[in-house]
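Protein sequences, first through last, are from chains A and B. Under my numbering, the residues of the first sequence are numbered 324 to 533, in order. Under my numbering, the residues of the second sequence are numbered 111 to 209, in order.
Hints were generated in silico from the structure; no laboratory data involved. If you're wondering where the values come from, they're calculated on a predicted model, not measured in any experiment. From the three backbone atoms N, C-alpha and C, an ideal C-beta is built for every residue, glycine too. Every clue listed holds true.
In silico lysine-lysine, DSS-like type, Cα no more than 25 Å apart, as pairs: (1) K338/A to K120/B; (2) K120/B to K203/B; (3) K480/A to K529/A; (4) K161/B to K338/A; (5) K338/A to K146/B; (6) K188/B to K338/A; (7) K146/B to K422/A; (8) K192/B to K120/B; (9) K146/B to K170/B; (10) K161/B to K192/B; (11) K480/A to K338/A; (12) K146/B to K423/A; (13) K338/A to K203/B; (14) K161/B to K120/B; (15) K192/B to K338/A; (16) K422/A to K338/A; (17) K338/A to K533/A; (18) K338/A to K170/B; (19) K480/A to K146/B; (20) K179/B to K161/B; (21) K480/A to K195/B; (22) K338/A to K195/B; (23) K423/A to K529/A; (24) K170/B to K120/B; (25) K203/B to K192/B.
If you want a taste of the chain B side facing chain A, the calculated C-beta under 10 Å gives, among others: (26) A133; (27) A139; (28) S141; (29) L148.
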Amino acid sequence: MDKQQQPLEDLQHIKNMMERSSRFISLSGLSGISAGVCALAGAWFASQKIHCWVKGDCQLSNLISSAGNELINDLFWIATITFIAAFISAFIFTYLRSKKNGTPMWGSTTVRLFWNMVIPITAGGIFLIRMMQMGEYQLVAPGCLIFYGLALVNASKYTLGEIRYLGYGQIVLGLFNLWWIGYGLQFWAMGFGVLHIVYGAMMWWKYERK
Amino acid sequence: MKNPIENLNKIFDSRIRLGIMSALMVNDAVSFNELKELLDITDGNLASHLKTLEESGFIKFQKGFIGRKTNTTYSITKTGEKEFKLHLDALTKMIGSVK
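Just chain A, with the same shape it has in the complex (with noise of 0.2 Å):
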């Protein structure tokens, strides 16, 4: 019996080893729940803020100082703070589960991780960016969420290989949206919001349960 199950456990000891030395496999799938959560709260916050400048119902002090400009500025500010919540929220899970599982949080794969997924998060950036100072808004929602699909595509080989599933998702999602401006809000909250937390729940559930 012994001698049978040597080999066995010899290539899996091999997998491991590589699976360890090469991806960052710290990624909690809480991570992805939180960043969720956070995505479809930012999202109600954005969608009250345009609900109460489109109708004009809001408090008195709001209404006094919504220009057309200020809207934009409240939901770019609605956004800045979404994405550093997610991020410090997803941060924290996955530090949690680093210390647990006993691996490096920053090595050499985090650092790989790290330049896949800002390379192409930095080019889509500058892009929407120059696009919104050209005065166009139209397709920033869905270029927000190719952008982030790619780079999570490209993210799927130093992590854990499902996060490509994520960013199909993203795509997906950020090319109907196409044709489906004036919905960015809500292509934004499926994407961010919902795919996160599906894909965080299952990843959870396949790696973390216990």
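Starting from the known structure of chain A, arrange chain B on it as the hints suggest.
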């Protein structure tokens, strides 16, 4: 049929050496400290296994510096890659023959 066990390399009998080779197969270069964290072993233990692998010509090392601290990184040689693949094949065949 040739017995696949003949292709098993004695050097890879040790789990630690197998682990080192696995990590080096999928990475261009891995530092001493990263290997230590991955395998969770002491400096001395790791060093002796690395020495065995190096003397067999399976791995090579490169000394560098991060600031003032020495940073030794290891990478796999052509021979090491070939031997590791043979070993992997042998393991796979053994599992196949059990089934």
